[in-house]
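Using the sequences and the hints, build the whole thing.
Reading the sequence shown from the start, the letters are residues 99 to 229 in our numbering.
What the hints contain is simulated information worked out from the structure, not anything from laboratory work.
One should not assume that every hint holds.
Calculated cross-link-like contacts (lysine-lysine; reagent style DSSO-like; alpha-carbon spacing at most 27 Å) [as the list claims (entries may be wrong)]:
id : residue 1 : residue 2
1  : Lys184    : Lys196
2  : Lys186    : Lys196
3  : Lys126    : Lys186
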Amino acid sequence: MRPNKRYTMANTVMPHNHGEHLAKILKKMPGSDEFLLAADIFSQLSDATRLRILWLLCHSEECVTNIAAAIGMSDPAVSHHLRILKNKGLVSSRRIGKEVHYTLADTEAAHLMHRMIDDVFEMNCPGCGIR
Numbered sequence: 099m100r101p102n103k104r105y106t107m108a109n110t111v112m113p114h115n116h117g118e119h120l121a122k123i124l125k126k127m128p129g130s131d132e133f134l135l136a137a138d139i140f141s142q143l144s145d146a147t148r149l150r151i152l153w154l155l156c157h158s159e160e161c162v163t164n165i166a167a168a169i170g171m172s173d174p175a176v177s178h179h180l181r182i183l184k185n186k187g188l189v190s191s192r193r194i195g196k197e198v199h200y201t202l203a204d205t206e207a208a209h210l211m212h213r214m215i216d217d218v219f220e221m222n223c224p225g226c227g228i229r
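Okay, structure coming up:
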């Protein structure tokens, strides 16, 4: 029977020593707060309505009324989802006269969502060069 030894790697006590590879990885591992932020951003893709809105805005700039018509929802319901997406930094807006137009934000998180959405639906965005 083997003794119950523990090994310390990157300030973490590991039950087994399988070499230094894990220690190198653990030194680069993001902190818990960074994983919470990433999970929060990725959670936007778990809502089918927000995913549909994001897909549309990855490929177009539209007003709330057109988005609502395109996905078969009311303007207030779409506005609610857009507010959430905007607060997460995934969409941006600009006022054109009395209308507010929405599009994918120019952030790293939004561009990652665009690539993921395109990959999931196996499509290329015409003219954007992402792929």
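#### Entry: Holds or violated: Lys186 to Lys196, with C-alpha atoms at most 27 Å apart
holds (24 Å)
### Given hint Lys196 paired with Lys184 - CA-CA distance at most 27 Å
holds (19 Å)
### Query
Does the alpha-carbon distance linking Lys126 and Lys186 stay inside the 27 Å limit?
Measuring from Cα to Cα gives roughly 25 Å; hence the hint holds.
Hint compliance for this structure: no hint is broken.
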